[in-house]
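Sequences listed follow chains G and C, in order.
Note that our numbering numbers the first sequence so that position 206 is 206, with each residue one more than the last.
Note that our numbering numbers the second sequence so that position 280 is 280, with each residue one more than the last.
Keep in mind that the hints are not guaranteed to be accurate.
A pair holds if it fits inside one copy or across any two, identical chains being indistinguishable in the list.
As the list claims (entries may be wrong) - Think about it this way: if two alpha-carbon atoms lie no more than 16 Å apart in a straight line, the pair counts; the simulated EDC-like pairs of lysine to aspartate or glutamate are:
no., residue 1, residue 2
1, K299, E268
2, K276, D319
3, K245, E76
4, K299, E269
5, K276, D321
Keep in mind that the hints were calculated from the coordinates and are not lab data.
Nothing here was measured: the structure is a model prediction, and the numbers come from that model.
There are 2 protein chains.
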Amino acid sequence: MKDAVPEYIPTYDDVLAAHERIRPHIHRTPVLTSSYLNGLTGAELFFKCENFQKAGAFKVRGASNAVFGLSDEMAEKGVATHSSGNHALSLSYAAGRRGIPCHVVMPRTAPQAKKDAVKGYGGIITECEPSTSSREAVFAEVQAATGAEFVHPYNDPRVIAGQGTCSREFMEQVTDMTGGPVDMMVAPIGGGGMISGTCLTLSNIAPDVQIIASEPEQADDAARSFKAGHIIADDAPDTVADGLKVPLKELTWHFVRNHVTDILTASEEEIIDAMKLTWQRMKIVMEPSCAVPLATILKNKDRFAGKRVGVIITGGNVDLDRLPWIKS
Amino acid sequence: MKDAVPEYIPTYDDVLAAHERIRPHIHRTPVLTSSYLNGLTGAELFFKCENFQKAGAFKVRGASNAVFGLSDEMAEKGVATHSSGNHALSLSYAAGRRGIPCHVVMPRTAPQAKKDAVKGYGGIITECEPSTSSREAVFAEVQAATGAEFVHPYNDPRVIAGQGTCSREFMEQVTDMTGGPVDMMVAPIGGGGMISGTCLTLSNIAPDVQIIASEPEQADDAARSFKAGHIIADDAPDTVADGLKVPLKELTWHFVRNHVTDILTASEEEIIDAMKLTWQRMKIVMEPSCAVPLATILKNKDRFAGKRVGVIITGGNVDLDRLPWIKS
Numbered sequence: 001m002k003d004a005v006p007e008y009i010p011t012y013d014d015v016l017a018a019h020e021r022i023r024p025h026i027h028r029t030p031v032l033t034s035s036y037l038n039g040l041t042g043a044e045l046f047f048k049c050e051n052f053q054k055a056g057a058f059k060v061r062g063a064s065n066a067v068f069g070l071s072d073e074m075a076e077k078g079v080a081t082h083s084s085g086n087h088a089l090s091l092s093y094a095a096g097r098r099g100i101p102c103h104v105v106m107p108r109t110a111p112q113a114k115k116d117a118v119k120g121y122g123g124i125i126t127e128c129e130p131s132t133s134s135r136e137a138v139f140a141e142v143q144a145a146t147g148a149e150f151v152h153p154y155n156d157p158r159v160i161a162g163q164g165t166c167s168r169e170f171m172e173q174v175t176d177m178t179g180g181p182v183d184m185m186v187a188p189i190g191g192g193g194m195i196s197g198t199c200l201t202l203s204n205i206a207p208d209v210q211i212i213a214s215e216p217e218q219a220d221d222a223a224r225s226f227k228a229g230h231i232i233a234d235d236a237p238d239t240v241a242d243g244l245k246v247p248l249k250e251l252t253w254h255f256v257r258n259h260v261t262d263i264l265t266a267s268e269e270e271i272i273d274a275m276k277l278t279w280q281r282m283k284i285v286m287e288p289s290c291a292v293p294l295a296t297i298l299k300n301k302d303r304f305a306g307k308r309v310g311v312i313i314t315g316g317n318v319d320l321d322r323l324p325w326i327k328s
Numbered sequence: 001m002k003d004a005v006p007e008y009i010p011t012y013d014d015v016l017a018a019h020e021r022i023r024p025h026i027h028r029t030p031v032l033t034s035s036y037l038n039g040l041t042g043a044e045l046f047f048k049c050e051n052f053q054k055a056g057a058f059k060v061r062g063a064s065n066a067v068f069g070l071s072d073e074m075a076e077k078g079v080a081t082h083s084s085g086n087h088a089l090s091l092s093y094a095a096g097r098r099g100i101p102c103h104v105v106m107p108r109t110a111p112q113a114k115k116d117a118v119k120g121y122g123g124i125i126t127e128c129e130p131s132t133s134s135r136e137a138v139f140a141e142v143q144a145a146t147g148a149e150f151v152h153p154y155n156d157p158r159v160i161a162g163q164g165t166c167s168r169e170f171m172e173q174v175t176d177m178t179g180g181p182v183d184m185m186v187a188p189i190g191g192g193g194m195i196s197g198t199c200l201t202l203s204n205i206a207p208d209v210q211i212i213a214s215e216p217e218q219a220d221d222a223a224r225s226f227k228a229g230h231i232i233a234d235d236a237p238d239t240v241a242d243g244l245k246v247p248l249k250e251l252t253w254h255f256v257r258n259h260v261t262d263i264l265t266a267s268e269e270e271i272i273d274a275m276k277l278t279w280q281r282m283k284i285v286m287e288p289s290c291a292v293p294l295a296t297i298l299k300n301k302d303r304f305a306g307k308r309v310g311v312i313i314t315g316g317n318v319d320l321d322r323l324p325w326i327k328s
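Work out the full structure, taking the sequences as your base and the hints as a guide.
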């Protein structure tokens with residue numbers, strides 16, 4: 001089977017336009033360093049802290065770009081998605097800032113905390129049964145009834161252009177801090193939205209920077225796709241890094257295939273250890289997904305030693321009652 | 001019984017000298033804001049994040065000032081203390097930066113994690129029995145054998161001048177960010193080192209700023225001292241805010257008595273709720289002690305509403321295996 005071809009591939013001009021559009025609605029998140037983690041890895045690490053971003057994750061960049069790029073006529077009908085994670089929060093936040101409705105289709109079995117979080121940002125939830133067929137049917141009904149614009153969590157040029165603003169900010173910040181760029185950039189990969197935005201920006205403004213994607217061993221569909229040369233989707237991957245379970249789609253695959261240097265993987269234990277270590281040493285709350293880059297750096301020290309390495313901390317929306325290193 | 005009179009009261013010139021002395025050894029920690037917490041409290045809050053400080057707490061300011069202020073001759077013999085908390089870590093860190101020994105007397109029953117942390121920063125531990133008499137006897141032996149300079153965790157002019165650099169930085173930062181100062185400054189109070197440094201600085205550079213100290217109800221010796229007009233020490237206070245169990249001493253009492261506007265208290269439950277809320281919303285790891293200010297602000301909203309309020313997040317050295325909202 002041949003992979004689908006993307007309809008429109010966003011350009012760096014789209015990233016620049018996105019940045020102007022979303023600037024009033026996002027934080028310019030800080031870049032933090034840790035002399036302890038530098039000592040441990042032998043690399044010079046620069047952490048772009050999107051866990052401090054509005055709505056708690058980088059996803060607000062792409063979601064805001066989609067929402068604020070709509071014509072008034074389209075915007076009036078609102079936006080819709082069927083994510084139940086950070087994309088739903090971010091899209092609800094962005095829609096709220098524009099004063100338009102955001103419809104979120106979620107399984108009725110989703111945790112109450114996730115439903116409450118979406119409602120807290122103003123999202124309107126329609127429940128479906130916990131099956132793909134029900135989700136698709138209910139989503140189609142919602143769209144037909146409202147005319148709301150579907151915003152995919154990652155396979156959408158508007159979303160990828162928005163995520164591309166993160167590396168643009170980062171490169172400015174690290175140059176301000178240290179006088180020069182990094183040698184490598186590491187980010188987690190799930191559906192590939194952040195990695196695609198990173199590829200889009202860096203291939204234009206810093207084409208020598210290596211782009212490394214990090215993935216859980218137990219959800220290594222992107223690593224296997226990268227090796228095979230075509231998209232392989234996992235059936236029902238299970239990992240503590242729950243933001244990274246989704247598969248690549250044609251648009252993100254385009255960027256991965258053309259611009260990613262390598263995809264490294266880490267075990268569940270390595271991810272949890274790296275997560276706890278970051279909380280302990282950097283004093284930041286971040287999701288398990290964000291620990292995958294550090295876990296792969298610690299596992300492949302030779303590759304990173306002596307290098308200047310950017311690491312994207314993608315989000316901070318964690319259930320504080322269930323931390324993966326505490327057995328309940 | 002009359003309270004002891006301090007031998008030397010540090011001046012704002014001592015704070016300025018301390019700042020020059022310690023600048024190479026500390027972080028200028030960031031000031032963070034949270035629109036969610038502003039909405040919840042009705043105040044405009046500015047959090048000075050000393051949890052991101054070297055060695056994980058503001059205490060490194062005072063400890064570094066003491067260590068780097070020693071003559072070469074004194075420094076050669078090293079420094080000593082009998083804290084087992086952040087002061088011991090900070091003094092070990094600062095002594096390590098100067099390349100001199102730091103002796104720490106700790107009960108043999110102290111948690112292994114605390115011993116490991118002190119050793120991790122290069123501190124030399126001498127164990128004592130878990131009693132005041134043993135601690136004093138062992139400490140006297142260590143001092144006699146080494147000639148090391150005793151640095152008290154808070155009742156020391158060098159330490160208080162060092163802590164005073166925190167508010168100085170904060171006032172510069174908040175003015176850069178917003179064009180003006182705050183109306184009030186809130187910090188937790190245990191022995192009173194941070195509050196005394198805050199009083200020393202603000203009474204000189206911004207005497208109109210109200211200084212509020214926050215304390216656990218279950219360790220409210222400072223609040224009762226403030227009311228009574230003389231130092232009252234609790235016998236064995238028990239609180240989740242374990243950094244705040246120690247009593248005021250003559251030097252910190254001097255500053256509290258003369259410059260603190262009020263001392264507010266919060267219950268254990270209020271402290272834990274405020275701690276979890278801050279982790280959730282600000283995505284930062286901080287100690288229970290740091291949550292006492294927010295707990296008292298939430299409890300006394302009328303007093304803070306409409307005001308610009310600085311809050312000092314004092315440290316981030318938490319046992320991540322035992323979080324107070326998770327029952328084990």
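Hints, verified against the model:
When the C-alpha separation of K299 and E268 is checked against a cutoff of 16 Å, the pair qualifies only within one copy, where the shortest distance is 13 Å, while the shortest distance between copies is 41 Å. Proximity of K276 to D319 under the C-alpha cut-off of 16 Å is found in both arrangements, the shortest distances being 14 Å within a copy and 11 Å between copies. Taking the shortest alpha-carbon separations for K245 and E76, neither the intra-copy value of 33 Å nor the inter-copy value of 57 Å comes in at or below 16 Å. When the C-alpha separation of K299 and E269 is checked against a cutoff of 16 Å, the pair qualifies only within one copy, where the shortest distance is 12 Å, while the shortest distance between copies is 41 Å.
With identical chains, the CA atoms of K276 and D321 are at most 16 Å apart both within one copy (15 Å) and between copies (10 Å).
In the structure shown, a violation is registered for the earlier hint numbered 3 alone.
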